[in-house]
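Now for the letters of each chain:
4 protein chains.
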Amino acid sequence: MTEIGIIAVGGYNEMGRNMTAVRIDEDIIILDMGLRLDRVQIHEDIEIDKMHSLELIEMGAIPDDTIMKQINGTVRAIACTHGHLDHIGAISKLAHRYSAPIISTPYTSALIGHQIDSERKFGVKNKIISLDAGGIYQVTEDISIEFIRMQHSIIDCVFIAIHTPVGAVLYGCDFKLDRMPTLGEPPDFARLRSLGKEGVVALITESTNSGISGKTPSEQVAHDMLRDVLLGTEEPDVGMIVTTFASHIARMNSIIQFAGEMDRIPILLGRSMDRYVSTAADMGYIELPPNAEIYGSRKEIDNAFKKIMKEGKEKYLPIVTGHQGEPGAILTRVANGETPYKIESGDRVIFSANIIPSPMTQANRYAVETKLKMQGARLYTDVHVSGHAYREDHWELLRMVNPEHVIPAHGHINMHSSYIEMAEDAGYVMGDTVHLLRNGEELYIE
Amino acid sequence: MTEIGIIAVGGYNEMGRNMTAVRIDEDIIILDMGLRLDRVQIHEDIEIDKMHSLELIEMGAIPDDTIMKQINGTVRAIACTHGHLDHIGAISKLAHRYSAPIISTPYTSALIGHQIDSERKFGVKNKIISLDAGGIYQVTEDISIEFIRMQHSIIDCVFIAIHTPVGAVLYGCDFKLDRMPTLGEPPDFARLRSLGKEGVVALITESTNSGISGKTPSEQVAHDMLRDVLLGTEEPDVGMIVTTFASHIARMNSIIQFAGEMDRIPILLGRSMDRYVSTAADMGYIELPPNAEIYGSRKEIDNAFKKIMKEGKEKYLPIVTGHQGEPGAILTRVANGETPYKIESGDRVIFSANIIPSPMTQANRYAVETKLKMQGARLYTDVHVSGHAYREDHWELLRMVNPEHVIPAHGHINMHSSYIEMAEDAGYVMGDTVHLLRNGEELYIE
Amino acid sequence: MTEIGIIAVGGYNEMGRNMTAVRIDEDIIILDMGLRLDRVQIHEDIEIDKMHSLELIEMGAIPDDTIMKQINGTVRAIACTHGHLDHIGAISKLAHRYSAPIISTPYTSALIGHQIDSERKFGVKNKIISLDAGGIYQVTEDISIEFIRMQHSIIDCVFIAIHTPVGAVLYGCDFKLDRMPTLGEPPDFARLRSLGKEGVVALITESTNSGISGKTPSEQVAHDMLRDVLLGTEEPDVGMIVTTFASHIARMNSIIQFAGEMDRIPILLGRSMDRYVSTAADMGYIELPPNAEIYGSRKEIDNAFKKIMKEGKEKYLPIVTGHQGEPGAILTRVANGETPYKIESGDRVIFSANIIPSPMTQANRYAVETKLKMQGARLYTDVHVSGHAYREDHWELLRMVNPEHVIPAHGHINMHSSYIEMAEDAGYVMGDTVHLLRNGEELYIE
Amino acid sequence: MTEIGIIAVGGYNEMGRNMTAVRIDEDIIILDMGLRLDRVQIHEDIEIDKMHSLELIEMGAIPDDTIMKQINGTVRAIACTHGHLDHIGAISKLAHRYSAPIISTPYTSALIGHQIDSERKFGVKNKIISLDAGGIYQVTEDISIEFIRMQHSIIDCVFIAIHTPVGAVLYGCDFKLDRMPTLGEPPDFARLRSLGKEGVVALITESTNSGISGKTPSEQVAHDMLRDVLLGTEEPDVGMIVTTFASHIARMNSIIQFAGEMDRIPILLGRSMDRYVSTAADMGYIELPPNAEIYGSRKEIDNAFKKIMKEGKEKYLPIVTGHQGEPGAILTRVANGETPYKIESGDRVIFSANIIPSPMTQANRYAVETKLKMQGARLYTDVHVSGHAYREDHWELLRMVNPEHVIPAHGHINMHSSYIEMAEDAGYVMGDTVHLLRNGEELYIE
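Residue numbers (UniProt numbering), protein chains in the order written: chain S, 1 to 446; chain G, 1 to 446; chain H, 1 to 446; chain B, 1 to 446.
Worth double-checking, as some hints may not be accurate.
Since the list can't tell identical chains apart, any single copy or any two copies may satisfy a pair.
Straight-line distance between alpha carbons at most 27 Å, and here's what the computed BS3-like set of lysine-lysine pairs gives [to be verified]:
(1) LYS299 x LYS197
(2) LYS306 x LYS127
(3) LYS313 x LYS299
(4) LYS50 x LYS342
(5) LYS121 x LYS197
(6) LYS373 x LYS50
The set of hints was computed from the structure by calculation and includes no laboratory data.
Kindly generate the complete structure, drawing on both the sequences and the hints.
Okay, here's the thing in structure tokens:
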């Protein structure tokens, strides 16, 4: 009889450094290898790209995969659900220890490639295999990996089904049941339902927003709110700057579209804009209008700001990094008066992002907002919807997939607790069919 | 030289019992006469309709208009902006003291009529004059009242411009600059702009949400979120109940429309449903589908629930009162098991309403939600957007209308403080051009 | 080999209806039988004393002890740690089903007696055995119960050690490591340390405040703050009313003492004042001064208030029920103007109590506070310290007792989560040596 | 007839940069000149001591005293109530513009001297006059300044009464009606009462905590809680570090005393420890035990830590800077592992301080706490009581002093709003006898 082990490597005690291993007898699949930014931010002057994994493990910034030595089995594959740093950010530090390919969707693969390229301590040589949503990768004779289309706040996100002789283990970390996405297709509900019928041994799923009542509003809602903020005004000619997650390609696409409707030139500024958006455009996920501009280097950016100041703010819509007030980001430099762009009374800064709930980012945002307001800027904050499922989305997924076991992952114990209470409502029993794991623990399912 | 006095009668120290008087030399216009429900709710077993005004004044439930005796002038008109209780709820207690007509839009007039009809202590005989948005009523030779189209969470809401020999006094209490309303037209921006050019002596405006960053999301956003909650589901056949503000006719209209899309019969239950929605339908503001049903009496309601239970919950969409957990409301009775409608595990209750931030309503909602959850209901809360302008809407209004003086009204001193800080950003000076009034105070403008 | 079972009957998913059963092979000791008031308060017009246990179980108000049928063993004793309702409030509904004595400290026994006397549905005939802190009760040849002196917000509180052939099971629910108690002796640290050396198989302990940093301030702090509020004033002759927990005998003793220092007559008003304080005085726990008065009936209370109004408020210090704004309590009646005591501007009402964090009590308190303030009262709220251990007290207990297993009880899953994180810091391992139980679950320890 | 002008220079729109000017006809007294640290902290790498005042004004860090040019009169004296930075921190930047002496109590004078000495941009030559509490300084023939003894979280704090021909203007900024201070005498209630009888034209007073119910707990409460944390433990031999405000001499004195009771050597570490505590000891405000050590330089501090590590942590009680997680402070360096002191599991860090409610300090504290916890430290936070009067202390002061006019100062508009509501309860009328001023405004009193 096949034994399944679910190993909680990271992200079960905290948000961020996600890593789960699924053992099927002696074959192991690793799912995600993420970075916890908060644990980096509490230190000053750190250069992650030069640091050793053991140091980062001690800081709590990446998963402590040294526990893998005690697991009896061989890693056959590393699979990632999407390209956010809390899912791929530790690959450049950890993946080279495993003689196994990295499997991910094309956009995620591209981002993993960037990650590995900018690493300066380790050389990661694992083969990167791109698999489209809907595709299947045969890991061993008995085990295959299937990618199922999902929505989240980044494109090309999937659920990963590991097919084993005793049924599927479904890994659904970071998802949103968005039926009205503005980019890409809705989640593959049909496949999830059929999977539920075929038999799911275990569902491992994020618990982030399982404590929030109701369902997550669709990205369409953010799209509409943002459009209203930009276009629905009696003062259409003031300076406007938008900042959002560079990796949120759907949101970016909307903003670029609105720039067109506003008859302004969209101008993307910041290194990560270049990385995420150019990559998406090059790969064909979005189409940039001919007049769009993207600049990544400080010099190009300052020249672009000079041009804007000269030709008129009302002709441009700068889309910049810095939504969390990150030191060195473009909006932060604007707020500090370090760029040629000068804020005047009545100019607008639109944050199409929430504030990540860490005191470090709250302080950064506070500093940036205060400086912008002192210069006369009008702020539009939280023009945004979440990319994480709310409680009733979890309820629907759970009933659709109907797993024998369910394991909340990707969050603090309080988030898991909310998930467990929801699962209990659906008939699951704590310690029996719904499990609370801690980093370093292995759950055995027979 | 004409002297203008702005008399803060009620609603300047608190939310709810709004009443302002504007004196033009010796002619007085009263604006709104509202009820503060919170001050009623802290008492048990109160029947407002039988109570004397002095008692209600002492309780802090209605404006203390006894101060009007010290104002040198004659009340020429009572004008109301819209039909919410905090604007018309004290009319049946106070209006008869003034020999002056009541002027309001047609829907507001109808609601005022209902209010007066259900009063059991006083006989209010004032003439009620209906004036459409855009209309003008000549009060005296020198003074006229103009209604300007506005959006809010009830239909037929207006701003009131009092035209005087020295310019207009604009009363804008309860508004939302909604450019995508789902019912009615957007605010009359053109008229507001032209008014600003003609000259506004004073703007009296609500400060409720002036502390919230950005702009209020459009009602279209609530419409879309609600539609997604009702239609975007993998479990379309469970029991569903929706509750919202009976007076929010636009929202109601959306829900009724969605019932059609869901192939369910909309069935409105509750006394105030009957009052607000039937009135709106009779007056032609909305059109009910032929299969819609409305029941106001307890017996009819219980019969309707029996029918639903018999024919199948999946055939109906009950739209009920009780979004604040009010004792005696339909949802509260359902939660108490006092109706034939039985909640089963997985049934849904959708609150298309916020929780009014008073401990009394928070307790009521908690009790109802707890009971519903214990019976297995899945709750969707806060599927809603506000009907009150946020900070940047205030900013735009202020700059559009460009008044000499501005007075925040309709709220607690902390709300006014937020408004004042925004007005200072726009160049107004506290105590000079932006004023903080307290109940009972008169501001003189020369 | 002896098998130990820890059965989580109630209070593991919520605050209030505490009940744990410890099975030593086939002998069972029940620990506490409590009532969850919050689940009673969400219903109107409930008379608990007339209700059947099954109804109260369904409401979630008392522990669901129907699960005990599936436990293989015989209940040998019911032991209670202290006299709060969340520990003894379900005895009158459940104890009669078990043919076993109830064992508790003398004061707790007296309160259990009152509880049983006022029950109108069931007749509880179990023998009540009083055992002093430090005493031992032999349950069977192999099993004995030991009471260990503890501090909490009620007198005569103990930890219960169940001595078994394989070591002790220590039940420590509701405690405070108070080294400066104002009544009674500090916890018996010496015995706890020696118990730790003898060997503790399992510690079952409350998790209520385990999420709060540091250690709980001593009752001496509340004593000093309250004394300062009452005596440290420039306006010593205004009317003053104090309200606190009737069961908090130490606090009550302080207030009575301060009345003497203020040269005022302490006058205790309210039915539960009579029950808790008179009992404590009769049993010799406190000594009332000769001039102290206690009245429980409405008529006596109103007469007392009449006397106070006639002779002068400055001569008396009324100590009354109603700190949570309970309907019908004395302070609530004063606030409603239903007693002869009239509040004047500048009179003081001192709440020597926190607000219990339930929306129901928050609403009650809000109503009472609002009414008192409208009459001119000056409020002193939260002149209080908690009776529950904070995180570092838990840390010290855990290291002192050094149990093989530890089970957080008495609280919501989030409170247990905080406890688990603390226990992990101390070297415990989730699922292995620290356990998260849910109502209805049995943990087996071999 | 004498005209009084109250000029709100700074600290009326915000916490921090306090400065008020009182004009008696053409003679002006300046009260306090403070620094707003929060506005410094949002910038990186700022060296205040080298900056020009105009730059600091533009940043909002110091009062904008350029408005003084428009006031018709001559500054005759600058008087400070106490030595906190928000009261004296701008003296080195602004005082040299006024040809007037600086008058303050001896300890405050010493701190002002330090401030001026460390200034590197301006040379402040104003005469510094020390005046004891109870003393009077004759400013002109008609005007004198009286210092009245007060309590606050720093020693030698006073109220300032400016005696004018038409009565006194009382400036009471930053106070606590502490009747059980642990250092110094209680406030001079007798003098305040007699002043109230003589006639107070205006009271200018801090509003910081006027929104908090009840009265501020005495410093005695912090003393007792802290003693209990340090001495009331079952683990007396673990490493312990205390951090508190270096300027809080009374608290420092308590900690040093407890070190003696614990049989540990108190060892004060940090530059500001040296400045504030050594000064207080040299001036005779406190007496340090012979074994106490104070080190201010990095080298001395590291040597001290080495000694502690070598001889045993249980022999010392380090009292260090860094309670707000300030970068570079001693606790921060310990947390970063930059000192020889190594935290072991179970060691304790006691924060005898609140967290200043700014996102910047919240982030700093979070970073320090996280690092300490990761090393195994047990944290005791908020072992502290406020130094600012709560609502009922304000109520008592107001009724004791009985001013004709009252002006809340020293805080954000929301704090003033709370004060105004309290003053209205006491019979004051907004805009008539209680005034809401904004920075830059002058109130005329005739």
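**Item:** List of violated hint numbers, smallest to largest
**Value:** 1, 2, 5
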